[in-house]
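Engineer: Line by line, the protein sequences give chains A and B. For the first sequence, the tail end lands on 1441 under our numbering, and the numbers increase by one without skipping. For the second sequence, the tail end lands on 1441 under our numbering, and the numbers increase by one without skipping.
Calculated directly from the structure, the hints in this document are not laboratory data. Ideal Cβ positions, reconstructed from N, Cα and C, are used throughout, including at glycine. Don't take each hint at face value.
What the hints assert, rightly or not - Here are the in silico distance ranges between beta carbons for each label pair:
1. B:D1416 - A:I1364: 50 to 58 Å
2. B:A1439 - A:D1300: 34 to 42 Å
3. A:R1256 - B:Q1332: 46 to 54 Å
4. B:D1416 - A:P1292: 31 to 39 Å
5. B:D1263 - A:A1439: 49 to 57 Å
6. B:F1350 - A:E1366: 19 to 27 Å
7. B:E1354 - A:R1368: 29 to 37 Å
8. A:K1319 - B:P1437: 39 to 47 Å
9. B:A1388 - A:S1363: 33 to 41 Å
10. A:D1282 - B:L1370: 26 to 34 Å
The chain contents come next:
There are 2 protein chains.
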Amino acid sequence: MAMTLYELGGKKNFRYCPFCWRSLMALKHKGFDDFDRISVYYRDRTPIAFTDQDRVPVLVDGDHWVSDSWDIAKYLEDTYPGRPTLFGDPVGRANAQFISAWVLQLHKPFLTAILMWDAYQHLDPADRSWWRADREARFGKLENYKHGREESILEWRKLLSPFRVTLSEQPFLGGHAPAYADYIVFGSFQWARCVSKLELLETDDPIFIWRDRLLDLFDGFARAAPHASA
Amino acid sequence: MAMTLYELGGKKNFRYCPFCWRSLMALKHKGFDDFDRISVYYRDRTPIAFTDQDRVPVLVDGDHWVSDSWDIAKYLEDTYPGRPTLFGDPVGRANAQFISAWVLQLHKPFLTAILMWDAYQHLDPADRSWWRADREARFGKLENYKHGREESILEWRKLLSPFRVTLSEQPFLGGHAPAYADYIVFGSFQWARCVSKLELLETDDPIFIWRDRLLDLFDGFARAAPHASA
Chain A
1212 MAMTLYELGG KKNFRYCPFC WRSLMALKHK GFDDFDRISV YYRDRTPIAF
1262 TDQDRVPVLV DGDHWVSDSW DIAKYLEDTY PGRPTLFGDP VGRANAQFIS
1312 AWVLQLHKPF LTAILMWDAY QHLDPADRSW WRADREARFG KLENYKHGRE
1362 ESILEWRKLL SPFRVTLSEQ PFLGGHAPAY ADYIVFGSFQ WARCVSKLEL
1412 LETDDPIFIW RDRLLDLFDG FARAAPHASA
Chain B
1212 MAMTLYELGG KKNFRYCPFC WRSLMALKHK GFDDFDRISV YYRDRTPIAF
1262 TDQDRVPVLV DGDHWVSDSW DIAKYLEDTY PGRPTLFGDP VGRANAQFIS
1312 AWVLQLHKPF LTAILMWDAY QHLDPADRSW WRADREARFG KLENYKHGRE
1362 ESILEWRKLL SPFRVTLSEQ PFLGGHAPAY ADYIVFGSFQ WARCVSKLEL
1412 LETDDPIFIW RDRLLDLFDG FARAAPHASA
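Can you make the complete structure from the sequences, with help from the hints?
Structural biologist: Right, dumping it as structure tokens:
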């Protein structure tokens, strides 16, 4: 039976949720190609009401469902051990936890602020009033985030230093081949690529080159996604 | 044949080099208890002249030697695969690379500056003039680092956030058991503990509790080391 991934929908076919991208890449990594994708919108979570929570991604596999991108990755790894591994062994899985926490630090405050305005532009139009109310309660006026982003990007690039150093030694966080840790970081870059024309990276940055590798994976699956920076 | 670890020596029996502590913990993790420890001082690297380089740690195992803490960890793992694993599988090893790069970011500029003055106090007295000249060429007057450290520590604690989040989910970076990634981070905390009475962490910080776990390992091996914060 085919699986179904419930993910965040944007305007037209933009699907930009960084956590959903982690799950999309994890599914591809595990060799699943025929899963269904169902969009969920901020204003109406009824498609995932059966989970008794309101966050995407949600994966449905037969009569089983899992929410939360980390739990989805663990589910795929543990349920399909014969397919390509996402974590390697338990030490690799534990280290991926760290990468996940490290990426949160990249988001708050930097990436969240840098992409706030562009993310707003790529919402489904009917989601805009919900999103503006939700985000402005937490972050202040959306319009405050239209300017000053170029300087923030310069600061943000410095935070990426450990990743850059790592990629000078190996092509992927997972070593010679991509692992779930790569998809954790990639989700955020793919979010940026989907919603924004801002160039987060210089073209000679090892991270830029790594991102290109990730875009090429699975016959260019992520590269083919609708994106703003085309 | 017993192994020998050449490590940085300080005054009295202080051995504080963070990279040497990585190797010490790696040796213990691999179950080696009877290795010899030889101190090397900044002013005189002749004990490791046979390596054609001037950095410690250096591990000698029979007629083979390895320098650089990362290469030592890889050597121990690959040469003694039947003993407890330091990395888990190749994905875990690749992730440890990232942790190593992340720790560098903790050092520069924060931890280097916070501990500069205290590190100077714990040098072997005959090393002081060499060290002062070397460090002042790179960092300016040592005396500049005597004050303002408490505020730097508050900033530095924020940088540790990904590690803190990770430890809220699992007792070690390695998951349920310590791995080399833990020793990479621990080396820096042990350096601080050896040379400084400054308390880098609040006692209710999950990282404080993790550090206690590391100090307890191997019958309290690291806890028993001469340290300044007693």
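Engineer: Now, for every hint given, state plainly whether the structure supports it.
Structural biologist: Hint-by-hint comparison with the structure:
1. B:D1416 - A:I1364: 50 to 58 Å: violated (31 Å)
2. B:A1439 - A:D1300: 34 to 42 Å: holds (38 Å)
3. A:R1256 - B:Q1332: 46 to 54 Å: Distance hint for R1256 (chain A), Q1332 (chain B) is violated at roughly 59 Å.
4. B:D1416 - A:P1292: 31 to 39 Å: Hint holds: Cβ distance 36 Å, inside 31 to 39 Å.
5. B:D1263 - A:A1439: 49 to 57 Å: Cβ of D1263 (chain B) to Cβ of A1439 (chain A): about 53 Å, so the range 49 to 57 Å holds.
6. B:F1350 - A:E1366: 19 to 27 Å: The hinted range 19 to 27 Å holds for F1350 (chain B) and E1366 (chain A), with Cβ atoms some 23 Å apart.
7. B:E1354 - A:R1368: 29 to 37 Å: Taking Cβ atoms as reference, E1354 (chain B) and R1368 (chain A) lie about 33 Å apart, which means the hint holds.
8. A:K1319 - B:P1437: 39 to 47 Å: holds (40 Å)
9. B:A1388 - A:S1363: 33 to 41 Å: holds (39 Å)
10. A:D1282 - B:L1370: 26 to 34 Å: Taking Cβ atoms as reference, D1282 (chain A) and L1370 (chain B) lie about 28 Å apart, which means the hint holds.
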